[in-house]
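Enquirer: The primary structure of each chain is shown beneath.
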Amino acid sequence: MRLFYLVYIAIVLVSCSAPKEDYVENNELLEFSVPSNFPEPVYPIDANPPTKFGFELGKKLFYDGKLSSNGFISCGFCHEQRTAFTHHGHQFSHGVDDKEGTRNTPPIQNAAFMPEFTWDGATSHLDLFPIIPITNEVEMGETMGNVLLKLNADEEYNGMFAAAFDDGEINAENFLKALSQFMVMMVSAESKYDKYSREEEGVEFTALEKKGLAIFAQKCASCHSSDLFTDHSFRNNGLPPNPKLNDIGRAEVSGAEQDKYKFKVPSLRNVALTAPYMHDGRFGTLMNVLNFYDSGVVNSETLDPILNNDELGVKLENDEKEALIAFLNTLTDENYINDARFAEY
Amino acid sequence: MKKYIVPVLVLLSLVSVSCSSDDDGMSEEKLEGTGEVSLTFDNGFGGNDLVLNTANTANANGEVLTISRFNYIVSNFRLVTKDGEEFTFAKDNSYFIINQEAGEETVELPEIPAGEYTTVKFGIGVDQEKFQQGAEGQGDFLAQAEANNMMWSWQAGYKFLNFEGTFTSETVTEAENFKVHMGSHGSSLDNYKEVSIELPTNIKVSNEMDSNIHLKIDASKILISSTSNIKFSEQAVIMVDEVKSPQIAVNVTEMFTVDHVHNGSGHN
Chain R
8 MRLFYLVYIA IVLVSCSAPK EDYVENNELL EFSVPSNFPE PVYPIDANPP
58 TKFGFELGKK LFYDGKLSSN GFISCGFCHE QRTAFTHHGH QFSHGVDDKE
108 GTRNTPPIQN AAFMPEFTWD GATSHLDLFP IIPITNEVEM GETMGNVLLK
158 LNADEEYNGM FAAAFDDGEI NAENFLKALS QFMVMMVSAE SKYDKYSREE
208 EGVEFTALEK KGLAIFAQKC ASCHSSDLFT DHSFRNNGLP PNPKLNDIGR
258 AEVSGAEQDK YKFKVPSLRN VALTAPYMHD GRFGTLMNVL NFYDSGVVNS
308 ETLDPILNND ELGVKLENDE KEALIAFLNT LTDENYINDA RFAEY
Chain U
683 MKKYIVPVLV LLSLVSVSCS SDDDGMSEEK LEGTGEVSLT FDNGFGGNDL
733 VLNTANTANA NGEVLTISRF NYIVSNFRLV TKDGEEFTFA KDNSYFIINQ
783 EAGEETVELP EIPAGEYTTV KFGIGVDQEK FQQGAEGQGD FLAQAEANNM
833 MWSWQAGYKF LNFEGTFTSE TVTEAENFKV HMGSHGSSLD NYKEVSIELP
883 TNIKVSNEMD SNIHLKIDAS KILISSTSNI KFSEQAVIMV DEVKSPQIAV
933 NVTEMFTVDH VHNGSGHN
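Quick mapping for you: the protein sequence lines, in order, are chains R and U. Here our numbering runs 7 ahead of the position in the first sequence, where the first position is 1. Here our numbering runs 682 ahead of the position in the second sequence, where the first position is 1.
No wet-lab data here; the hints were simulated from the structure. Since this is a predicted model, take the numbers as computed values, not measurements. Among the hints, erroneous ones may be present.
Distance condition first, Cα-Cα at most 27 Å in a straight line; then the derived BS3-like pairs of lysine-lysine [said to hold, decoys possible]:
no.: 1; chain 1: R; residue 1: Lys-267; chain 2: U; residue 2: Lys-913
no.: 2; chain 1: U; residue 1: Lys-913; chain 2: U; residue 2: Lys-898
no.: 3; chain 1: U; residue 1: Lys-764; chain 2: R; residue 2: Lys-267
Quick list of simulated restraints, FRET-style, between CB atoms [as the list claims (entries may be wrong)]:
no.: 4; chain 1: U; residue 1: Phe-769; chain 2: R; residue 2: Ala-54; range: 24 to 34 Å
no.: 5; chain 1: U; residue 1: His-942; chain 2: R; residue 2: Asn-249; range: 54 to 64 Å
no.: 6; chain 1: U; residue 1: His-896; chain 2: R; residue 2: Glu-351; range: 55 to 65 Å
no.: 7; chain 1: U; residue 1: Glu-818; chain 2: R; residue 2: Glu-32; range: 17 to 27 Å
no.: 8; chain 1: R; residue 1: Gly-303; chain 2: U; residue 2: Val-733; range: 53 to 63 Å
no.: 9; chain 1: U; residue 1: Val-925; chain 2: R; residue 2: Ser-307; range: 13 to 23 Å
Virtual Cβ for every residue (Gly too), placed ideally from N, Cα, C.
Sequences and hints are given; from them, build the entire structure.
Expert: In structure tokens form, the structure reads like this:
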């Protein structure tokens, strides 16, 4: 583990030396460490360094139904910890008034390392992301302005914002900063694979897992690359479009023909827990995903060229599928899904 | 020592140049301190006033637009002095929404250094730099944008232009809705644009003198400009069209002309 942002601690120590009035308890910086097998974070930690109270506030907001129009739908309603913050058992997440969306809930681990959010990259800044679910009528159906009014009327939130931020104000800036602080700390890097990758003592892969890793490196890692298991690009992996949804993916954002049916390459961390799979949750099991890569890939104008060499898709023998699944299972991070810091209760 | 002679000379000559320019206009008053520059965005359509929910004269394509909403974001104000120096108004406070429904038509820029200015420059929309400043950079502008219908909800971004209403044309005889929401397309297409407008008369600013730039806006340019011609009868909802959205972003830069300026209490 590399330790980062020690500088901030120094800065805080300096600024704390001038005692403030009404001082209740010291807010302190949380340690954000970058796992040694990870790239540098994308999120500008300097602009919004997570603090104890900022994080606690962010967590309360994440699990608070006040953020929705009916008072019940919190972020955590769709992003459940035990399934790595996905909506267990739901192909499409349903929000207020049981309205259904058209996309499968992705896990939100390692957000600090991601340059774009949602399946089509509708926003490129984590801070601004929450506006989407809050104002989306099939998710939380609220307005930012109204959420802030509700929080302003709440005594507990008044205290928590005051503790977390210098100006103590309940405004959009601090609200979004707190949510980001919570999500930035949600790092998943303690899976068996991570320990193996970092050559930690006593962690060995079985022969099958090793075989799976080798196949993965050869056939999958061109897109699911690095230890984040994504190259952050938008690609069409050959899923036949569902005519009922006609979700055109990245083209929704860019408006570009050549982006049709391209979706963000998802990170495969905790993938054993995050069924169903793909942007529309069409596959219920990992085996079905592999069967798709083996024989279900369809050609189209925007199909990724990597999946269109000589023959369509990625040919996989049964024993290779078995090995791949054994490998994908090593990406499950029990620490993360049981981490009390992120738990609702 | 020798090394310093040249810079000193340059400095001296600079000082003397600036002194002499102070001297030349004998009648010129001394401009000291700071003052406020305001801009009035006087919305119109094809040479007439823009009155919401009232049919406008047909445009060159024979389309008659009845506008119900005309809002846009203007930002990053800069003023150029007669000596060609550019003064940039503090970026954090340099984002404004012109909103016809709400009657928001003025941008006020306080504490502009005294001087004479020949040109105003500003942006339409929100630049990527600002967006990438995250929660901190948006500050209260985010809530303001939401309250003025300038936030998208399917992507976390700003609408730079929100232009809505109904239209009829030769082929569309029953009024149909039109909707133009123009903004940047996530990280894939930046539609932020800037304009530079020379003033017909220099504005003067000082402790004693605030000034106002009165702009006339021609909303008909959104569809028909010197570079493109967009017909609602072909497509009446334009949001993230890869071809038309960037065209509209360019067209919008042609909306603005200066009608006149006011200096202090005087009227030029």
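Enquirer: Using the Cβ atoms, figure out if Glu-818(U) sits within 17 to 27 Å of Glu-32(R).
Expert: For Glu-32(R) against Glu-818(U), whose Cβ atoms are near 24 Å apart, the range 17 to 27 Å holds.
Enquirer: Regarding Gly-303(R) and Val-733(U), is the given constraint of 53 to 63 Å on their beta-carbon distance met?
Expert: 58 Å, holds
Enquirer: Using the beta carbons of His-942(U) and Asn-249(R), state whether their distance is inside 54 to 64 Å or not.
Expert: Given range 54 to 64 Å: holds, Cβ gap about 58 Å.
Enquirer: For Lys-764(U) and Lys-267(R), compute the direct alpha-carbon distance and say whether it is at most 27 Å.
Expert: 50 Å, violated
Enquirer: Could you check the hint for me, namely that Phe-769(U) and Ala-54(R) are 24 to 34 Å apart, CB to CB?
Expert: 27 Å, holds
Enquirer: So if I understand the rule, the pair passes when the alpha-carbon distance is 27 Å or less; does Lys-913(U) with Lys-898(U) pass?
Expert: 23 Å, holds
Enquirer: Assuming the hint says 55 to 65 Å, is it satisfied by the Cβ distance from His-896(U) to Glu-351(R) or not?
Expert: Holds, since His-896(U) and Glu-351(R) (Cβ atoms, about 56 Å apart) stay within the stated range.
Enquirer: Would you check the hint for Lys-267(R) and Lys-913(U), treating anything up to 27 Å between C-alpha atoms as holding?
Expert: Since the Cα atoms of Lys-267(R) and Lys-913(U) sit roughly 25 Å apart, the hinted pair holds (cutoff 27 Å).
Enquirer: 13 to 23 Å was suggested as the range; check whether the CB atoms of Val-925(U) and Ser-307(R) agree with it.
Expert: 21 Å, holds
In this structure, only the earlier hint numbered 3 is contradicted, and the remaining ones agree with it.
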